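**Student:** Spelled out, the chains give:
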Amino acid sequence: MPIEVLNPTCESNPSPFNCAPRLKTLEGATVGFISNGKEGTEGFFRYLKEYIKTEYKVSTIVWETKSNYSAPADTDIIERAQAWDLAITGLGD
Amino acid sequence: MSLHSEKIELESFEETQEYYHSRGWTDGFPIVPPTPEAVQACLDWTHTPANEIIGIEPVRERTISAEKLAISAVMAGCLPMHFPVVLTAWTAMLKEEFLLHGATASTGGCAILLVLNGPIRNEINCESEFNVLGSSDRASSAIGRAIRLGLMNILDIKPGAIDRSTLGNPGKISFCIAEHEEGTTWESLAVSRGIPPEVSAVTVFSASSPRQIMNEWTKNPEEILDTYASEMKANMRSYSIWSGNYTVVIPKQHRDHLQNVGWTKNDVCNYLFDKARIKRSEWADVGKGSVVRGKGDTVYRALESPEHLLVVAAGGPAGGFGAIIPPWLGLKSQAVTLAIGACVDC
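Line order of the protein sequences matches chains A and B. So that you can map any letter, position 25 of the first sequence is 25 in our numbering, and since no number is skipped, the others follow by simple counting. So that you can map any letter, position 103 of the second sequence is 103 in our numbering, and since no number is skipped, the others follow by simple counting.
Among these hints, one or two may not hold up.
To be verified - Covered stretches of chain B, as calculated for chain A (at least 3 residues, CB under 8 Å):
| no. | stretch |
| --- | --- |
| 1 | 2-10 |
| 2 | 32-46 |
| 3 | 58-66 |
| 4 | 69-81 |
| 5 | 95-107 |
Simulated from the structure, these hints should not be mistaken for laboratory data. Everything numeric in this text was worked out from a predicted model, so none of it was measured. All C-beta atoms in this analysis are idealised placements derived from N, C-alpha and C, irrespective of residue type, glycine included.
Looking at chain A on its own, in the form it has when it is part of the complex:
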């Protein structure tokens, strides 16, 4: 017997995430790291920091740490990030 049913998923929300324009080069750029505060980010970002400084000649690296690793980044971090050319975030579990 035919049956009519409803879609249970979130249909109407467009993706809130749009990709920022890509940088042509990292040379001379200011790069910000946003750590979620977990211990694993420490070694990962430390390695990445040296790698992109050496390989890509970024000029400045800013390191920020969220106050709650399960919540969105704090508002003041987001405000400071406006001055960066690139932001890198990552999990550290």
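We have chain A; now place chain B onto it with these hints.
**Tutor:** Positioned in the frame of chain A, the structure of chain B alone reads:
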């Protein structure tokens, strides 16, 4: 009927099952087909328009509409009379202090526990005694499952997608209990959290797996509660040392021993607040010596204050058992209690 979701024409009940399973829209169990009529019946029961926004999950910027929650409820097996609980639980889960995204995405494997209080428990035939922590009755099972199906389908909280749980927790299938208010002289959990006794309410709590304790060999309140405290301390050593909302479920046998000598819920809270604490050096006893880091004498409490303990009177009439349900992770997610179908502070 003014529903907005995509309507799907299928040939049969069996095809509906396979259609939903194949799209990852179920938890693996069969679902009740969410027909427009069944979904509308839920919305009508609560006088809620289909497009009413119950809240917005801020991390993924997803709006949560009443219609989508009603679809989850029907799929889970809810009757319309169960839907007010689902609506209110979601309203509570979307409060900022509950930190819904963190609690449901975490590797820690948290499940969302619902505790029901007030007249609605009896109106929808919740059972508060035998087997209360799992499959105790139709209403509790369906309501808890509706929460999970809503998370999966509206917010993509699916294993390996947004849900990154390493192990998960059996409570993720369904985790809803009703307090046995008729079986205790204690005030209800909701009353202790500011809800008038004549008002129905739901408390939502980001819960780790329950840890069962047993002590049948004393009637002394301190000794009974020392067993509960020991399990809280064990959780602090082997899982998380940070203070948060702990839930303790105290069945009748232990409750009787406590109540017979005049102990109230406040007394339980004060005692466990005092007893449930460890030194950081105790991490070394359970293989975590590397993170003691010279702070071995620092004392940590399971509870930031006695009020952070959620004491629930529930469970079968016999047996010297009880349960500790630890928080997912400290106070990052805080328990929220809301009245069902009533505003108590407006």
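**Student:** For each hint, tell me whether it holds in the structure or not.
**Tutor:** Right, here's what the structure says about each hint:
Residues of the stretch 2-10 of chain B lying with their CB closer than 8 Å to a CB of chain A number 8, which satisfies the three-residue condition for coverage. Only residues whose C-beta sits within less than 8 Å of a C-beta in chain A count toward coverage, and the stretch 32-46 of chain B has 5 of them, enough to reach three; the restraint holds. Check result for the stretch 58-66 of chain B against chain A: holds, 6 residues qualifying (beta carbon to beta carbon below 8 Å, three or more required). Restraint check on the stretch 69-81 of chain B versus chain A: 3 residues with Cβ-Cβ distances below 8 Å, three needed, restraint holds.
Residue count for the stretch 95-107 of chain B with a Cβ under 8 Å from a Cβ of chain A: 7. That meets the three needed, and the coverage hint holds.
Checked against the numbered hints given earlier, this structure breaks none of them.
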